[in-house]
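The residues making up each chain are set out below.
Number of protein chains: 2
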Amino acid sequence: MKNQRIVLASRPTGFPTVENFRLEEVDLTPLAEGEVRVRHHYLSLDPYMRGRMNEGKSYAEAQPLDQTMIGGTVGEVVESRHPRFAVGDRVVGMGGWQRYATARGEGELRKVDDSVIPLSAYLGAVGMPGMTAWYGLTQIITPRPGETVCVDAASGAVGSVVGQLAKLTGCRVVGIAGGADKCRYLTEELGFDAAIDYKAHPNAKSLYQALKATAPSGIDGHFENVGGTILDAVMLRMNAHGRIAVCGMISGYNGEPIPMAAPQLILVSRLKLQGFIVSEHMELWPTGLRELAEHVAAGRIKYRESIAEGLENAPQAFFDLLRGHNFGKQLVKLI
Amino acid sequence: MKNQRIVLASRPTGFPTVENFRLEEVDLTPLAEGEVRVRHHYLSLDPYMRGRMNEGKSYAEAQPLDQTMIGGTVGEVVESRHPRFAVGDRVVGMGGWQRYATARGEGELRKVDDSVIPLSAYLGAVGMPGMTAWYGLTQIITPRPGETVCVDAASGAVGSVVGQLAKLTGCRVVGIAGGADKCRYLTEELGFDAAIDYKAHPNAKSLYQALKATAPSGIDGHFENVGGTILDAVMLRMNAHGRIAVCGMISGYNGEPIPMAAPQLILVSRLKLQGFIVSEHMELWPTGLRELAEHVAAGRIKYRESIAEGLENAPQAFFDLLRGHNFGKQLVKLI
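Heads up: the protein sequence lines correspond to chains A and B, in order. FYI, the working numbering numbers position 326 of the first sequence as 328, with every residue one higher than the one before it. FYI, the working numbering numbers position 208 of the second sequence as 210, with every residue one higher than the one before it.
Extracted from the complex, chain A is given alone in its bound form:
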């Protein structure tokens, strides 16, 4: 039996290209005792993957060359030599950019129930992106009812959950997204109080004016997925003792870092900025995922997916994601 996988062929300089990836066909070897074979239904594409493609200091190991690209996956067990996994089980794991994964069951796979919640949601609102939103909001921003919370990349897999959780907490929520469609989605479908199209604002000053109009009482908590000009503008609008959860700096991934224009605002407004990666806080996942699953099952948290078809289209879908062309959680359908 054959497997298809995509490996990192070379490290990008600047924006990645198709040459950085290579699609390979490889034989599937027989399972060893304790191993499980998973046929992937969906692969998750996420901005963090861009960081892994670089060498050098990051919070995580660099993606090795000529190895299967890292990535979250959901699928079904098609063969098992592990007592706790049976053929047909639905599982979530870090299976990578490939059609089949061979996993050591314990620790690498988590069984999930797709009878109420669709399998793909375990890669989104009830998966790593949802937990990222949950952690940053509840553990760093710690919003109180009546406060104003801002989030950028707000229609994305993380941002949309941040905003909806903040609404459920009783906050005023302002979302920043790219384009009128995404902004309409935030206010009309997700219940955000206001949305700002950052593409309509050429600089931090203009964006600041939009924040002034939509966050008339200032911003108490901000969930940062983007960085750069957006962060500069939001910092100008933060209230005293505001909290900023730093989850993404996508603008800085391609080479040169983007300086923070006015770091003295950290002092002037007594801000807290805190970076985090959710995989370092596994002890909170059971609590967070249970809450998220309840909200999704009850329809209190909605989500949208952007689905590419076929492993061979994963690189292009990834580039679109980095450019913000996706709308909602970016997935690749593999069956």
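Everything labelled a hint here was simulated from the structure, so no lab data went into it. Be careful, since some hints might not be right.
Said to hold, decoys possible - Derived contacts from chain B toward chain A, CB cut-off under 10 Å, selection only: (1) Val248; (2) Met251; (3) Leu324; (4) His327.
Said to hold, decoys possible - Using C-beta positions, here's what the derived DEER-type ranges look like: (5) A:Glu63 with B:Gly220: 48 to 58 Å; (6) A:Ala62 with B:Arg292: 38 to 48 Å; (7) A:Ala242 with B:Met3: 33 to 43 Å; (8) B:Gln211 with A:Ala62: 47 to 57 Å; (9) A:Gln211 with B:Glu282: 23 to 33 Å; (10) A:Met284 with B:Arg146: 35 to 45 Å; (11) A:Ser208 with B:Ile337: 25 to 35 Å; (12) A:Gly193 with B:Phe321: 47 to 57 Å.
Think of the CB as a built atom: it goes at the ideal place given N, C-alpha and C, for glycine as much as any other residue.
For this one, chain A is given, so just place chain B on it according to the hints.
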């Protein structure tokens, strides 16, 4: 009876000059019921005063024009119409740049004991600077024994207490200061493990190399009094989950802010940066001041003072402070 005071005559553009201040002689009016007259022994000069001289958004009210410059003072009660204050009492307050203050006793003055601890120390290690050090270290950096703590402006009133408190916690302590004398003072008199003369390092890269040599295990906690290049270099050397207490951004006070070169390190190293001003945390002062007083009385916290003589020399001493020419806590002796 006459009082002498210095008022803010005009707001500076860039570095302040003598023209921004005006020395006035004014009559002392009779005390009203509940008021106390204090003859100042010492005036404290502090970097925050530069910020108050500006108009515009800051964490505190701007210093009003033609009013006595704000400032911490210690002195003795020379006349009292308040039942809890008697002539001869030693008191600390925000009496301002003047020889006599007229205070409403309750809330504006705090009686202190100068039998063990010298009166001037209540403006330094056992006063606002000491509390600033205590708060940033114990409430934001929260160091554990064996961790490495860094502090800049390290021979100053705040920095010297930060480093000594961190040593008492069992940390490795690296101080950054300007000049060989101050560096020698840190290691030989205050017990710092290492000192870096920032004047010997023309840029962040060079300073980073010095931090690499003196903090071989990286930096876990940093107390930021300066900002700019120093902060950039320290951030490069921070360990994962490092904490930075942001207390001063003196480089940014004179006009243009200094951008933060690599804010993505907040994410990469999962840092927490938190700005604070200690006067917003008065509930912790009794605890902090008690600890500081015990350490000072026992000789575990040492300090140095830089004393200018006479109110008329306060502006020049203030300029020297802003240029880092002082060595230890900057005071003006008023008797």
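For each hint, the structure was consulted:
1. Val248: Status holds, d = 5 Å.
2. Met251: At about 4 Å, which falls below the 10 Å cut-off, the nearest Cβ of chain A leaves the hint on methionine 251 (chain B) intact, so it holds.
3. Leu324: Hint violated; leucine 324 (chain B) Cβ to chain A Cβ min 15 Å, cut 10 Å.
4. His327: violated (23 Å)
5. A:Glu63 with B:Gly220: 48 to 58 Å: Distance hint for glutamate 63 (chain A), glycine 220 (chain B) is violated at roughly 18 Å.
6. A:Ala62 with B:Arg292: 38 to 48 Å: holds (44 Å)
7. A:Ala242 with B:Met3: 33 to 43 Å: Given about 41 Å between the Cβ atoms, the range holds.
8. B:Gln211 with A:Ala62: 47 to 57 Å: Because 26 Å falls outside the window, the suggested range is violated.
9. A:Gln211 with B:Glu282: 23 to 33 Å: holds (29 Å)
10. A:Met284 with B:Arg146: 35 to 45 Å: Once the Cβ atoms are compared, 22 Å apart, the range 35 to 45 Å for arginine 146 (chain B) and methionine 284 (chain A) is violated.
11. A:Ser208 with B:Ile337: 25 to 35 Å: violated (56 Å)
12. A:Gly193 with B:Phe321: 47 to 57 Å: holds (55 Å)
Violated hints, listed in ascending order, are 3, 4, 5, 8, 10, 11; each of the other numbered hints is respected by the structure.
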